[in-house]
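Fit chain L to the known structure of chain V by using the hints.
So the protein lines, in turn, are chains V and L.
If you count the first sequence from 1, position 27 lands on 26 in numbering that gives the first Met the number 0, and the numbers rise without skipping.
If you count the second sequence from 1, position 95 lands on 94 in numbering that gives the first Met the number 0, and the numbers rise without skipping.
Heads up, a few of these hints could be off.
Said to hold, decoys possible - Taking lysine to any residue and the SDA-like style, the derived pairs with C-alpha atoms no more than 20 angstroms apart in a straight line are: (1) L:Lys260 <-> V:Asp114; (2) L:Lys160 <-> V:Asp286; (3) V:Lys182 <-> L:Leu239; (4) L:Lys260 <-> V:Cys285; (5) V:Lys160 <-> L:Arg283; (6) L:Lys182 <-> V:Arg263.
Said to hold, decoys possible - Covered by chain V, according to a simulated footprint, are these stretches of chain L (three or more residues, beta-carbon under 8 angstroms): (7) 107-119; (8) 145-153.
No wet-lab data here; the hints were simulated from the structure.
Backbone N, C-alpha and C fix where the C-beta goes; we use that ideal spot for every residue, glycine too.
Number of protein chains: 2
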Amino acid sequence: MKVALIQQRYHGSKEATIKRTLELIQKAEDAQLVVLQELHQTEYFCQCEDTRFFDYAKEFEDDVTFWQDVSKKHDIVLVASLFEMRAPGLYHNTAVVFDRGRIAGKYRKMHIPDDPGFYEKFYFTPGDLGFEPIETSVGRLGVLVCWDQWYPEAARIMALKGAEVLIYPTAIGWFDADPEDEKQRQLDAWITIQRSHAIANGLPLLSVNRVGFEKDPTGCLDGIRFWGNSFVCGPQGEILAQADNESEQVLMYDIDTERTKAVRDIWPFLRDRRIDAYGCLLQRYCDN
Amino acid sequence: MKVALIQQRYHGSKEATIKRTLELIQKAEDAQLVVLQELHQTEYFCQCEDTRFFDYAKEFEDDVTFWQDVSKKHDIVLVASLFEMRAPGLYHNTAVVFDRGRIAGKYRKMHIPDDPGFYEKFYFTPGDLGFEPIETSVGRLGVLVCWDQWYPEAARIMALKGAEVLIYPTAIGWFDADPEDEKQRQLDAWITIQRSHAIANGLPLLSVNRVGFEKDPTGCLDGIRFWGNSFVCGPQGEILAQADNESEQVLMYDIDTERTKAVRDIWPFLRDRRIDAYGCLLQRYCDN
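Isolated chain V (complex conformation):
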């Protein structure tokens, strides 16, 4: 499975950003699967709560048609990350998967964060499509989005439903004011937790993050320096390819999908799950 992860900046407008994305896709010549970062068409607008950004979501249907055409033109499976208006006042952070001109399926981000600079609960209704792998011509894609990456539950369910690869379009970065050791811990944690999903489930994993500094338009916070570091890892969590923390990059890798069975056969974690004793996982907290 020849994959390409497009790590890029926001270029000041939706038009300029998409133009750059298309140039980068052009570079990903023989990729079969191309993954774009979270909300790749625009700036990461969740740095503040402003109703004017809901206008972006009104273009969802047109956006879908546009990326569908791109997937057809390049004869690729394409994972796009779009802002979906489902009804006025009801919006989702939605990954749409295209398969060579066909809409293969979509995933609405299930876990929604909300912390300073990442005010996503204002914009996005938590997804209601569950954790369902999307069938494509390159395999069953376990597409999740950003904050989902902190939840082993999400990755596990995708694996139990037959996903063959885990995919995380993401927008995560540093605040410049944080000390260096805290920045390093955050980046390490972000890489580590995702590698662990690969390990626990014996699956390859693709994580695609944006780069560049984006100012907080309200001036309340300084802004976010998106830390890049998009990566591909294998079913033992081994890093196979990794981007840096500041460049636009087309990260390509040819994944050996046969390794999942080989790894799961020596590390048969799925065999020994204690489903008789996991009931507490369906509770908020087990204090009663």
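Here is chain L on its own, set in the frame of chain V:
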């Protein structure tokens, strides 16, 4: 919370091994919590299937009394890992927690491995006490054992039940015949998955592994080179202390337990769990 992790070898007999353990505990002078490795009294006997090893488990009650006394003498909380005979033909891999001379609780290993050289399903009935933190004078200990470490479910349930630290007595190692890159992937995966439990749950974590080479007594396999690397990590998965891969070592660290709240307040993963959508976790596989 001043912790000491005792990483050691098997010294040819139960008596010699315990003697060495006591010397190492003596060195852990001002520790409040001392954690021993998996099945620390003897060799890792699961390299072959031999009924004579069930004799070890007959001494369980005496072993409990012995380590209870040790915890009293040193005025420590002590996590021991023992082979428990519950009835003839019914045995468990059991961690017993002692609190300054009192038996605080026990945990019977829930996930039981079975692969070449690690024939644990022959010896150990899967635990039936569930995932319950054990209350002690140093805090609520989320004690799990070895193979459990590959299961995010186990760590999560301990956290949801109020564990304040995750603890893994372990016996894991390399086969010398494996290539270096495979060995590195295995060690990295082992560290990574455990760090991820710390991250996902905002908890510090202690992992205690044995060292040294132990021959397979049947000669079918060469034997296992236990890889040590016992470590302490913090609630962002950051490594705080780590042993090497061949030395007996008392790894000490003073854990700041206040960091859990600080980290969980900025990374509130527990807040956003989608318990309405996790039902599949209670299934073996979601193919129906």
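Checked hints:
no. : hint                  : verdict
1   : L:Lys260 <-> V:Asp114 : holds (15 angstroms)
2   : L:Lys160 <-> V:Asp286 : holds (6 angstroms)
3   : V:Lys182 <-> L:Leu239 : holds (16 angstroms)
4   : L:Lys260 <-> V:Cys285 : holds (18 angstroms)
5   : V:Lys160 <-> L:Arg283 : holds (10 angstroms)
6   : L:Lys182 <-> V:Arg263 : holds (16 angstroms)
7   : 107-119               : holds (count 5)
8   : 145-153               : holds (count 6)
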